[in-house]
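Colleague: One-letter residues, chain by chain:
There are 4 protein chains.
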Amino acid sequence: MSTDKCAKSSTGRLAILTPGLGAVSTTFMAGVIAARKGLELPIGSFTQMGKIPTNNGSNKEIPVKEVISLADLNNVVFGAWDIFTDNAYEAAKNAKVINKYLLETMKEDMQKIVPMKAVFDKKYIKNIDGVNKKEYANKYEAVELLRKDIREFIKDNGCDRAVVVWCASTEAYNPIEDVHKSMKAFENGLKNNDENISPSQMYAYAAILEGVPYVNGSPNVSVEIPAIQDLAQEMSVAIGGSDFKTGQTLMKTIIAPGLRKRLLGVEGWFSTNILGNRDGEVLDDPASFRSKEVSKGGVLSDIFDKENYPELYKDLYHKIRINYYPPRGDNKEGWDTIDIFGWLAEKMQIKVNFLCKDSILAAPIVLDLALLIDWAQRSNMKGVQEWLGFFLKAPLTNHAGGTAKNDLFYQYDKLEEIIRANSEGL
Amino acid sequence: MSTDKCAKSSTGRLAILTPGLGAVSTTFMAGVIAARKGLELPIGSFTQMGKIPTNNGSNKEIPVKEVISLADLNNVVFGAWDIFTDNAYEAAKNAKVINKYLLETMKEDMQKIVPMKAVFDKKYIKNIDGVNKKEYANKYEAVELLRKDIREFIKDNGCDRAVVVWCASTEAYNPIEDVHKSMKAFENGLKNNDENISPSQMYAYAAILEGVPYVNGSPNVSVEIPAIQDLAQEMSVAIGGSDFKTGQTLMKTIIAPGLRKRLLGVEGWFSTNILGNRDGEVLDDPASFRSKEVSKGGVLSDIFDKENYPELYKDLYHKIRINYYPPRGDNKEGWDTIDIFGWLAEKMQIKVNFLCKDSILAAPIVLDLALLIDWAQRSNMKGVQEWLGFFLKAPLTNHAGGTAKNDLFYQYDKLEEIIRANSEGL
Amino acid sequence: MSTDKCAKSSTGRLAILTPGLGAVSTTFMAGVIAARKGLELPIGSFTQMGKIPTNNGSNKEIPVKEVISLADLNNVVFGAWDIFTDNAYEAAKNAKVINKYLLETMKEDMQKIVPMKAVFDKKYIKNIDGVNKKEYANKYEAVELLRKDIREFIKDNGCDRAVVVWCASTEAYNPIEDVHKSMKAFENGLKNNDENISPSQMYAYAAILEGVPYVNGSPNVSVEIPAIQDLAQEMSVAIGGSDFKTGQTLMKTIIAPGLRKRLLGVEGWFSTNILGNRDGEVLDDPASFRSKEVSKGGVLSDIFDKENYPELYKDLYHKIRINYYPPRGDNKEGWDTIDIFGWLAEKMQIKVNFLCKDSILAAPIVLDLALLIDWAQRSNMKGVQEWLGFFLKAPLTNHAGGTAKNDLFYQYDKLEEIIRANSEGL
Amino acid sequence: MSTDKCAKSSTGRLAILTPGLGAVSTTFMAGVIAARKGLELPIGSFTQMGKIPTNNGSNKEIPVKEVISLADLNNVVFGAWDIFTDNAYEAAKNAKVINKYLLETMKEDMQKIVPMKAVFDKKYIKNIDGVNKKEYANKYEAVELLRKDIREFIKDNGCDRAVVVWCASTEAYNPIEDVHKSMKAFENGLKNNDENISPSQMYAYAAILEGVPYVNGSPNVSVEIPAIQDLAQEMSVAIGGSDFKTGQTLMKTIIAPGLRKRLLGVEGWFSTNILGNRDGEVLDDPASFRSKEVSKGGVLSDIFDKENYPELYKDLYHKIRINYYPPRGDNKEGWDTIDIFGWLAEKMQIKVNFLCKDSILAAPIVLDLALLIDWAQRSNMKGVQEWLGFFLKAPLTNHAGGTAKNDLFYQYDKLEEIIRANSEGL
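Protein chains in written order, with my numbering: chain B, 40 to 465; chain L, 40 to 465; chain A, 40 to 465; chain P, 40 to 465.
A couple of the hints might just be wrong.
Where chains are identical, the list cannot tell them apart; a pair therefore holds if satisfied intra-copy or between any two copies.
[To be verified] In silico DMTMM-like pairs for lysine to aspartate or glutamate, Cα to Cα no more than 25 angstroms straight-line:
hint, residue 1, residue 2
1, Lys-99, Asp-354
2, Lys-132, Glu-306
3, Lys-173, Asp-160
4, Lys-99, Glu-346
5, Lys-453, Asp-341
6, Lys-135, Glu-350
7, Lys-390, Glu-306
FYI, nobody ran anything at the bench for these hints, they're computed from the structure.
Work out the full structure, taking the sequences as your base and the hints as a guide.
Modeller: Here it is, written out as structure tokens:
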């Protein structure tokens, strides 16, 4: 049996707090509850189902959760903020992701999860609105209210620590401005109600000030800004992001590395998506879509490296479309067509049609990011956790100007490496 | 600049001899000629287009052919055996893979490549037959005739060495029998005309006896048999195989590792193929298809490891169909539908439609295998070259009872590792 | 309001008897029960949802069931024969077509439908077997037992008439032999236990002798034989067949007429199917598949008429594959790729991927065929009802040597024509 | 042999004039030239390849061109207007639709077709511009210049009549305003340079004033306006439109009628298109796309009739996307996913992927519309020719407020009906 060399004990209760109590977070919560009850396995979760090969010659692999000291699912407590007052049962019912009969079996547990009032700003989310919102004189006060929520949640639920994972809608694209560039400027901005400070930035700032690790599951610019990264360093808090890598982008970062290894040329990659859930509705606003486009658009450029392989990739035309299409609900569908060329410049095509379920793919990632960033925090890793890139569409890098790696297999190697490095006896 | 630590000089002319002068081998030859003339780049070839990252912090990668001492394309000479008398120009014209106008520009070079008489046995290839066949009293004599062909080709073309790459049709399935189990039994079998000895085994045996490396590009049982592997060890000859990893299987060994890394369950993988070339015609014979089915069928079982991940893969149903469909000619088309499941046991589907070109994908692999096995031979690597698995559907392993790894990314890492290990200054 | 000119009254109870109590027939029965209870609409049923335009200038169309005098759903009674003893509730539960929670709401009604013992012959269905089988000295006696079943069912259930619709598995291919060519030969064959007489032929013969209309929903050779067609004429009984036109063939007879109208050339049509239900299991036996292949294979030849349009269709290569693939259960999937050519001989491709549900598409056809053949019988139409071709893959023709028309739109016009011809006031 | 009852003689030369000398018109011209030379058949053309069944009991069908008196291909002369000065050979070469080696064989013929100066207005086409443009004081003068072009072309080429078929880019969406509502208002508008009068309207007006039939092959609002329809009536000129029915919409109006006949419910139809030719570039401007969206968007609503079938179609969500994607050039690709439901409200999906060639599908339609409207004119049919709807995405109707029928099979029946009505002896 291997042992974790580094981390503080994982016993004690862990609060997992999510801004957003919608399709993704309720599916995450329901899945954890179902796993605790023994109803369903936590399929797709690296921390729960993953294993690591040993170097002892045996073919038998060791579960990740026996290698490092992760919080046990029985010690996890759920909390959330949302602009709607629906509890997790009602929100899950509306989202129609979970089989309704399965949902009934955990109605009681889910009903207990009632959202705290959210910090919301119409400027950043145009297509939806709700009533369960905090009131405050300025954004500084909003951050204070969020900090109070976190402290009280921990205390009221007998937790000894917490993590925050952003599971709310994609905010409008919000490029980095001066107010984001230093902690001082940001604090002034909070006090002056600077319009460039978005709700997701306030949640992140509040969490870090409380010493609570924060992960950004959407493509919003939040943990990306220097003010927050500096604060995380100063407070010795682990942060991660951005944007859960689920359907189409997941497939892209699986297939593209394979084409690259085979040195096939790529002249075009067209990706279209149809989805009918609230995420789709929000992304129907061009400003929110812009955030997504930036996060999704970058994933091919480091894999298809124009500098080293100009003959293969210099003309690559990458186009992404996201379409709100209500008949599908949460059942997203991706369709990609890839124009490649090979020997004698002959053209070929690959088409990938992914009939996926957005929240079903995101939920295990929420769990993994929550448990791994809690482990990182207990292991004294502070600031940006680049090795979490395996789970993310637009991985943060922890060196200035560094380029994120999007190759899923490279990312997996890095993830496994960190775990091995913190473990003895593998 | 890095330098090859190990290999003998690559100067001097290298004969690349292919049993089979059909779609694959003529496309390979035409592409090399086109690259020599500067008409087209050798897209898809690792030895020609591949690069290796350095450890010196630079983003600039170094071409593989600057890292190890590979034969130069200008020093390569082509030879072939075939049951038809068509020269390479005529064979390429029939195969309709190469643009006819491009083919005309290299007519003269291609016409010079005239096939030697082939060793053929109707028992192993039912659906086609030809006239350009050797006559011999027994299989031992056939091997001697092939050895003579090799020696004379080398001499007549001023070569100082050769490699043989099987590019002919898939033989009927031919399980390992006693006659294959030792060199002695095999030699007796040759003399007794044992019906279990197939032509591809005779080609391999002849090459190795001449000290010439041999690679099996089809799924036939040839270099797989102990008699041949033992001979290769004894003669210190490098061998490799089997079955070029091109269309559908290539995609499979790209996508499957990604699903595995993400711990998604897989309950079914249905693959169908349509193709209309001679390969398709041959595979329309159930016995030849059986060879293919065995080679293609195994690629998922090591990636989706039922032992370590029973909850995810224990019920995996993998079905492969190959259909002869003349309207397509060499333009193969693969269609896969993959039934996966995730969080809360929810089902999803991935469909992959690959409009590929069989010979276009195979040709650069012929070149890479030829040049790399020649390099291996000059570097004193003898017997099975397991690290060539990156190019092959059913990679040979060099330890008894070992299981081949089919994960394309694992295979690439091994390939790069061998190259780095034989190079200084990377 | 229009009125039916011809038919006898449709009041009184109608027994719908199905050889086979499996996925198709239980889905049919459950859907009728659900419609009677007002739970779900009978979507896909021409008799229940169809309408006919009027000639009075109004855009408002008139429901089919107001135009002709069809049996009311409340007057329908279900009966079945099967080799398994499962009642309709149990059989439906196994088939997993109907949502299990919906099925529970009609458990009581479904449980009442208990199969009569079947006439079964292992020669005709290889891959399954059961225990609920009749015993008899010879096939003549078997027919007598089936006649008795029909008479008793009608009496016990207070019906005044019945129809029989074959919903059982596809029998092995059974070409027409001498024994099938006359009523006399057939009766002798029954007495001599001629092995060329299949169970489906015995059911048809029994029904017709009872004056009960019969429809063949599978591709077996049954109502196709002269002996049965002659008997139907003599007994003045309406018959129809063969093979419900559901998934892939339905799409084919929709798309092909469109390509034909546009005078696009077609050089290939490749169709593959994956399905995992009992039907798939039976079709995994090559002899049963042969029946299906014949019924599915013919549908393009009258639409793509080589005689009149040789330049467009003379080289058409039509290939059909059916694959048993258990992960899908009843959720059939068809994938077609169509190779077309147009102006300047340029090639194009159409690909159609149909994620369908076999029994869901077949069930309304069972209902329509049952109600329409009952109406035909009451309207004194005897023998082959060619106008039912709209619902069938291999429509019977009522003139010797006639070629069936497979164009769905032509078939619909004929269907509507018959209804108009029998109605006043449209 | 049948005879045309009505039309004036088709002997004498016919000028076919196209605004636009781009991919569509050059492909049309090249195909006619190739047919005249016997190089390729005019596949896809109703007038050249189509046949009509007889009522004499024979299976042999009669060629359309033997039934009615169409202009012979040898009597056709091509002319065009374009904003670029490229002749038809150069334009075809740029468009890359025609195989370059085939194009060379007709270089001389194609080079002779040199565009006349075009009437162009940047307001209506944003994304391209050229130099070969007419100069004029006001739009009235522009119309006069176009009339002069037509008269001179006819005279210079020894023609005795002409037709004009709009083959140029899609203009920006241009709703009907007061200026379009009467001939008088329109003429005033021409003189006042009213900005709501688009170039396509000027071409149509000029042609009709010359007594020359006009067909609109794009979705622009041109022959749709009352001023032009009134003029056509007054001048006894035949007109037709709008928008050639080619790729995705063609498939839609083939498949939708089939689903409708089968009474399957449809809750969503998502259509996406990728194309890389000039048409795609123009449609990348939202105003031009709006024209297309209107023409493409309406085709389902009459087929899926919500009034008569509310249970099946009331919630139908129809979404269309067109994406400019340069890697494909003229090789358009459509991808549709259709969400249907059936018996027991079960959901199913149909996906259609059409790898088509835009101009290859449009070219035979240009020919058919030109020859048929010339025939209509000679047969004294004046005003809107509704029966040409078979070829068009948004068919004009000849009664005020009438709804066009988009069902391809209905349209074909109407086309055949008109031809039969004008012919004797069928």
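Colleague: Next, verify each hint and record whether it holds.
Modeller: Structure-based check of each hint:
Proximity of Lys-99 to Asp-354 under the C-alpha cut-off of 25 angstroms is restricted to the inter-copy arrangement: shortest distance 20 angstroms between copies versus 45 angstroms within a copy. Within a single copy, Lys-132 and Glu-306 get their C-alpha atoms only as close as 43 angstroms, which misses the 25 angstroms cut-off; across copies the closest is 21 angstroms, which meets it. Taking the shortest Cα distances, Lys-173 and Asp-160 sit within 25 angstroms of each other inside one copy (10 angstroms), while across copies they are farther apart (54 angstroms). Proximity of Lys-99 to Glu-346 under the C-alpha cut-off of 25 angstroms is restricted to the inter-copy arrangement: shortest distance 8 angstroms between copies versus 41 angstroms within a copy.
In this assembly of identical chains, Lys-453 and Asp-341 lie within 25 angstroms of each other by CA distance both inside one copy and across copies; the values are 16 angstroms within and 22 angstroms between. In this assembly of identical chains, the alpha carbons of Lys-135 and Glu-350 lie at most 25 angstroms apart only when taken from different copies (22 angstroms versus 47 angstroms within one copy). When the C-alpha separation of Lys-390 and Glu-306 is checked against a cutoff of 25 angstroms, the pair qualifies both within a copy, at 14 angstroms, and between copies, at 22 angstroms.
In summary, this structure violates none of the numbered hints.
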